[in-house]
Amino acid sequence: MPRLELYSPEGLRIDGRRWNELRRFECKINTHPNSSDGSSYVEQGNSKVICTVQGPMEPKLRSQMNHDEANIEVNISIANFATFQRKKRSKNERRIVELKNTLENTVKQCIITTLYPRTLISINIQVLSQDGGLLSSMTNAMTLSLIDAGISMYDYVSSISVGLFDQFPLLDLNTLEENELSYLTVGVIGKSDKLVMLMLENKVPLDKLEELISLAIAGSHRLRDLMDNEVKRHGKLRLKNLN
Amino acid sequence: MSYHKEFIKNGERLNGRKLSELRVPEVDIGQNGELTISAGDTKIFIKISSEISKPYDDKPNEGILIINNDIDNDILSRIVEKSIRKSNALDLESLVISTGKICWIIKIDLNILNFDGNLIDYCILGIMINLLLYKLPNYDIVDNSIKLYNLDEKAPISLSILHIPICFTISFYNPSTIEMNLKSDEVFEISLFDADKQEEDLRDSYMVITLNSNKEIIQLSKLGGIPINSVEVLKLCEICYDKAKEMTQWIKDVVKKEEEKTSDRVKMLAAVDQR
Amino acid sequence: MQLSPAERDYLYDSLCLQTPIRPDARNLYQFRPLEAKTTFLPGSNGSARLRMVDGGECIVSIKSKVVKNESVNSLLECDIDIQGHRDDSNFVSNLKYNLTNLLTKNFPFDALRLTKKYSFKLFIDCIVISHTSYPLTIISLATYLALKTTRLPLLVSEIDDEEVEEQPTFSDDWEDSRLLHEITGQTFQPPIMITVGVIGKNLLFDPSLEEEQVLENGLIISFYNNKAITPISNMNLALNANKDNYKGIDQSLIISAINMVNKYCSAVIHALDTLIEQDDEVDGTIF
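Protein chains in written order, with the UniProt record's numbering: chain A, 1 to 243; chain B, 1 to 275; chain C, 1 to 287.
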């Protein structure tokens, strides 16, 4: 695909969005009430992620028990059919281990772990379909399912990716755009400007970094609002059912 | 070690350096491809070797670069791969001798001899200096086979290095509680460059940034850990760029000095030969 | 799951009665309630998600690929991924083997043949997100739903390509794609596998987790074209139990089980087909 088509002179991207538009964001919480303590399902464009949380519970191994805080374990599973070309993935692939460590370190910052000493919180992420924004959709799904599980948190962590096409920053990239452009993924705490996660794996001119980060933070704040709406809607529904 | 943390919260370090001061590395250059880099008590031995082989089937016009390290550290391997391989610091296309048939494999072996903090930065620094100094043997293509010359028979070839990535690991320390850090806008984390082992054990999180003197960021990883204000991140990037410029100049000086030493040696040998 | 001795005895005795009392008051031949959705993965040719009331959930995706006839042994490949289990463990390998065996023996492969040289190969990927009882039933039923709703693109190039070197080409219009049964011309009912629990002189369909712990034996019977067929195997369904009642099975019980399957399983197939018809609003969302 020629690079020029990624961002037309009229300011339209290949899927018709403008530079600062998010893809369609759908989320639902409490999708697996019988098999987990908290669950969520997130769709960012065509990327689909299911996240379930078990815990706080007794750790499976005594060695995992931490006396001051909760132990947090993240398991990522990417389906063979998640990408356009079917590809069998080993669970110990370097990239998946890196994502797993990143998510563990990110989520430890927002869960009040000191409230759950000697327990294990196990987070299972299943990626059904991947069309760009892998790390950000996993982070968002994880935040929602932790909220559903009732685990005490300081604030939301919302995450989005931003890419650079020549001089223009583009928000929320899909796979085609990710393959061609340099992009970074940020994780933002609540409505602040604080970054808990920043991952950039391609070359970007230093002067452009500020623009990219501010666009990413604005996008993350919008996502946080969308996630909050869903949590509030679900809460109202539950309240209604109680009465 | 809470007294150590108090020191850092006051902006001072036990090793006497300033918060943004790096250690001065020493480079010990051995034979072609052997280099030991040490900074403080951190010591790393880097060996580069080369071999003739066939390129991969799906990349017939690129040579092969393999980076091994002897300790099983995921983070070190990932960042070295991103900084050097992914950024194309070494031009792989220049390693091809005959498209699809013959190419060079460059193998880089990292041996960590002593650890006193900040492995990632010094590994990358050592690898880049070693790559700049490394000489490939010259060759002739005879029929379909290759004849390699010794390094002193025919002038050896230097590797084609497109840019020099410099890496900085910045460690963060939270001067107050988690709640204040997350909710308040006035709490700023303390950041320090080039932590030694004690400082690494105490840190709350870290960020690794690789850039070059062309003002390009090669990679930036802040994978979780305490949240940092984005304004701080940008400020740190600017500081890193200034340091990267100095480092690049320092590397070029080291390389130049070493080349002059070898060319003096060559001139001496040539003089002896003539007699 | 661990049951106390009192619980075990209570369950065992209730299930051994002349008219057994199951903990959830089901009939002997009744399945647990389930919900399902199909065609929600736009990147796959067929997809299905099946969820049992006890939380067991399975997602199956079918993807096709054009392959040369000579270079491939089988036109079907199955892969099962169960969360929490290693891919090379006995548990997963057994399930994979059972499913592959069942499908390769009872599948209209003619539907997959495109030309003399090329055919479609189907990759069946199952993910079991969670399960309580033995997951073979949910995997098999979800595979049924996915296969029945799989669409394959329409071939527009020549069928006889012995002489021709070109690869097969397909219609770009997805409306032209066809379901598998439209390709074969006859009704297409993929085979399914049913678990039957044996206890005393009684046979129970679709045993739940508690029932599995006290069973004396378990039968896995395949069902295809309205008849019980092989593979038929038995296994101890009380996995991870510290004490079970596993013992040999009487041959008359095997015959009764086969008769029961013949009698009641058509209703299962009928229910699944109705589900597919009612699920026709292709809105693409899972939940």
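What the hints contain is simulated information worked out from the structure, not anything from laboratory work. Worth double-checking, as some hints may not be accurate.
Cut-off 30 Å, straight-line C-alpha distance, at most; resulting in silico cross-link-like pairs (DSSO-like, lysine-lysine) [stated by the list, open to error]:
1. Lys-88(A) <-> Lys-243(C)
2. Lys-60(A) <-> Lys-243(C)
3. Lys-59(B) <-> Lys-91(A)
4. Lys-5(B) <-> Lys-197(B)
Coverage of chain C stretches by chain A, computed from C-beta distances (three or more under 8 Å per stretch; other residues unrestricted) [stated by the list, open to error]:
5. 47-56
6. 88-94
7. 188-197
8. 211-225
9. 252-258
These stretches of chain B come out as covered by chain A in the derived footprint (C-beta under 8 Å, 3 or more residues) [claimed, not checked]:
10. 69-79
11. 143-153
12. 223-237
13. 247-257
Glycine residues also receive a C-beta, built at the ideal position from the N, C-alpha and C atoms.
Practice task
Quick one: which hint numbers does this structure break? Sort them smallest to largest.
Solution key: 1, 6, 7, 8, 9, 11 and 13
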